[in-house]
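Participant: Here the structure of chain W is known, so what remains is to put chain C in place on it, guided by the hints.
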Amino acid sequence: MSTDSVLAIEATGLEKSFGETKAVCGVDLAVRRGSVYGLLGPNGAGKTTTIRMLATLLPPDSGEARVLGHDIVDDADAVRRAVTLTGQLASVDEDLTGRENLILIGRLFGFKRAQAKERAAELLEAFGLAEAAGRLVKNYSGGMRRRLDVAASIVVRPELMFLDEPTTGLDPRSRNQVWDIIRSLVGGGTTVLLCTQYLDEADQLADGIAVIDHGRVIAEGTPAQLKASVGSGSLHIRLLDPERRSEAEPIVARALDAEVHLEADPAALSTTCGSADRAAEAVGELTRSGIEVANFSLGQPSLDEVFLALTGHPAEEQTPEEEIAIEEEKAA
Amino acid sequence: MSTPETTAPQAPLTDEAALNKAISSAPPPPGASAISAALTFGWRGMLKVKHVPEQLLDVTITPVMFVLMFTYIFGGAIAGSTGEYLDYILPGILVMSVLFTTVYSGIAINTDLTKGVVDRFRSLPIWRPAPLLGALLGDAVRYVVAGTVIVVLGVALGFRPEAGAPGVLAAMGLVVVFAFGLSWIFTTMGLLLRSPNAVMNAGFMSVFPLTFLSNVFVEPETLPGALEAFVNANPISVLATASRGLMEGDAAAADIVIVLAVAAGLTAVFLPLTTRLYAKASA
Chain W
918 MSTDSVLAIE
928 ATGLEKSFGE
938 TKAVCGVDLA
948 VRRGSVYGLL
958 GPNGAGKTTT
968 IRMLATLLPP
978 DSGEARVLGH
988 DIVDDADAVR
998 RAVTLTGQLA
1008 SVDEDLTGRE
1018 NLILIGRLFG
1028 FKRAQAKERA
1038 AELLEAFGLA
1048 EAAGRLVKNY
1058 SGGMRRRLDV
1068 AASIVVRPEL
1078 MFLDEPTTGL
1088 DPRSRNQVWD
1098 IIRSLVGGGT
1108 TVLLCTQYLD
1118 EADQLADGIA
1128 VIDHGRVIAE
1138 GTPAQLKASV
1148 GSGSLHIRLL
1158 DPERRSEAEP
1168 IVARALDAEV
1178 HLEADPAALS
1188 TTCGSADRAA
1198 EAVGELTRSG
1208 IEVANFSLGQ
1218 PSLDEVFLAL
1228 TGHPAEEQTP
1238 EEEIAIEEEK
1248 AA
Chain C
295 MSTPETTAPQ
305 APLTDEAALN
315 KAISSAPPPP
325 GASAISAALT
335 FGWRGMLKVK
345 HVPEQLLDVT
355 ITPVMFVLMF
365 TYIFGGAIAG
375 STGEYLDYIL
385 PGILVMSVLF
395 TTVYSGIAIN
405 TDLTKGVVDR
415 FRSLPIWRPA
425 PLLGALLGDA
435 VRYVVAGTVI
445 VVLGVALGFR
455 PEAGAPGVLA
465 AMGLVVVFAF
475 GLSWIFTTMG
485 LLLRSPNAVM
495 NAGFMSVFPL
505 TFLSNVFVEP
515 ETLPGALEAF
525 VNANPISVLA
535 TASRGLMEGD
545 AAAADIVIVL
555 AVAAGLTAVF
565 LPLTTRLYAK
575 ASA
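Chains as they are written, first to last, in the working numbering: chain W, 918 to 1249; chain C, 295 to 577.
With the rest of the complex left out, here is chain W:
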């Protein structure tokens, strides 16, 4: 047991197929202890399958991985003792109350009844669920359910936490709460492997990111490196008068020396733009030409733009394949 290793996860050549579908084809990962590592990719890219293999829920077809120094196949029990997984489906029991869910997990970890109750109360309080503690989880909102799910994952604080799209489908407020919780966890020394479809989320939380497409890691680095390799974010401009968009287009194109897209909104146009200074210049040009700007924004590159830059194709949703993969998994 190399528990003193600086790597929390080291995986080489992980592969997994479901029938004809290759879900993961040769993933290598190295995740430092105490860091947050993001797996970024569209639906069906192989993120969930990778995370399920690392969490010992699926045996890999080939390749190997050590999690916290333990082999995920030969020493699966040791891995399970040190990690938790918060899956895409909230892994809580809908027919139980929030409190009962946490007591259940506490008891399964070996807490005595009174200790389990105490721990449940502490977590419910900390996660803002104290009032809803006695309600059945099926009546919880999406954000509450997520928070309970994360609470259930830290009844015993794990050394490593797998988070599979923890904020998909949440409103911005609930999303921020989940992010706060993740930051606190990391502050407490937990390593986090985070799957996400949002570059924004990875950027907010992760120290390192691997971009996954078609079951392969296609790029790796810090969020800053990744964004730099993509080149730039995008500038969105909305004009006061839609009639003047055709005039505005060549002005912006000239100012930024970039191709300008006309958006579906008849008053809006967008383009790629590397820096805030240059964006301001382009907007200034428009104003000087007497074209009034209603508003403009400079955003980070979206997942689509990252994919376009890295692969030359937009992030396709590979949903049908994923569904097949899930069916195959059930049949296996």
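The set of hints was computed from the structure by calculation and includes no laboratory data.
Only true hints are included.
For lysine to aspartate or glutamate, the following EDC-like pairs were computed, each having C-alpha atoms within a straight-line distance of at most 16 Å:
| id | chain 1 | residue 1 | chain 2 | residue 2 |
| --- | --- | --- | --- | --- |
| 1 | C | K574 | W | D978 |
| 2 | W | K1144 | W | D1124 |
| 3 | W | K1144 | W | D1120 |
| 4 | C | K344 | W | E1011 |
| 5 | C | K315 | W | E1035 |
Since the model is a prediction, treat every value here as computed from it, not as a measurement.
Facilitator: This is chain C only, laid out in the frame that chain W set:
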């Protein structure tokens, strides 16, 4: 200015200090023993009975209707009088009622699979068979409830067994033990089939004919030869006979031994099988 990519203003959690405390103050417990893990899952099963009592209603209403219907409509024709038929049929309906309830063990496990909660259980460092064994222990409580409903109804209708309360309790115990063994079959179905509905259909399609092709409702001697042989070999017949015997105070030890052996055999075969299926199954 609209800046869609920046985050909304931070909505603070109710109490950040409490959050940090909850995250840091977790002394790791020693781990749950196999028995304690299984009993905890049993407790979960009982909580479900408490929170979703409709399920229990579903499975008890049919046997209640059967008691009334068979006793008052067919009783006179089959046994000469409704009272005599009630004495014959009541232990049999007890068997039927509890066996129908076992189908729900499979439905419950399949429902778990379609939700994410199984992933949580599988990623815990617990004794592997604990979730399944525990679920069935919890279900045993349901079997007792289903059985009690029938016995109480029977007594209200005039059922007075020779062996009195101890006999009835012994019969109930035997039926519950057999049901525990039988429910492994439905748990297996629950792990293999794709939806709770499919489990319900397949489950009742097997338990219905098996119950009717037994001596629960009629004496086997009244049946055609081949059918009589099948009915006599049906373990459900043996169970019904043993239950009647226990209630009337003249049970054959051999019948009881057969029933216990079948339950033990089913458990021995299906416990390891379902444990393996549970580790792999996904919805």
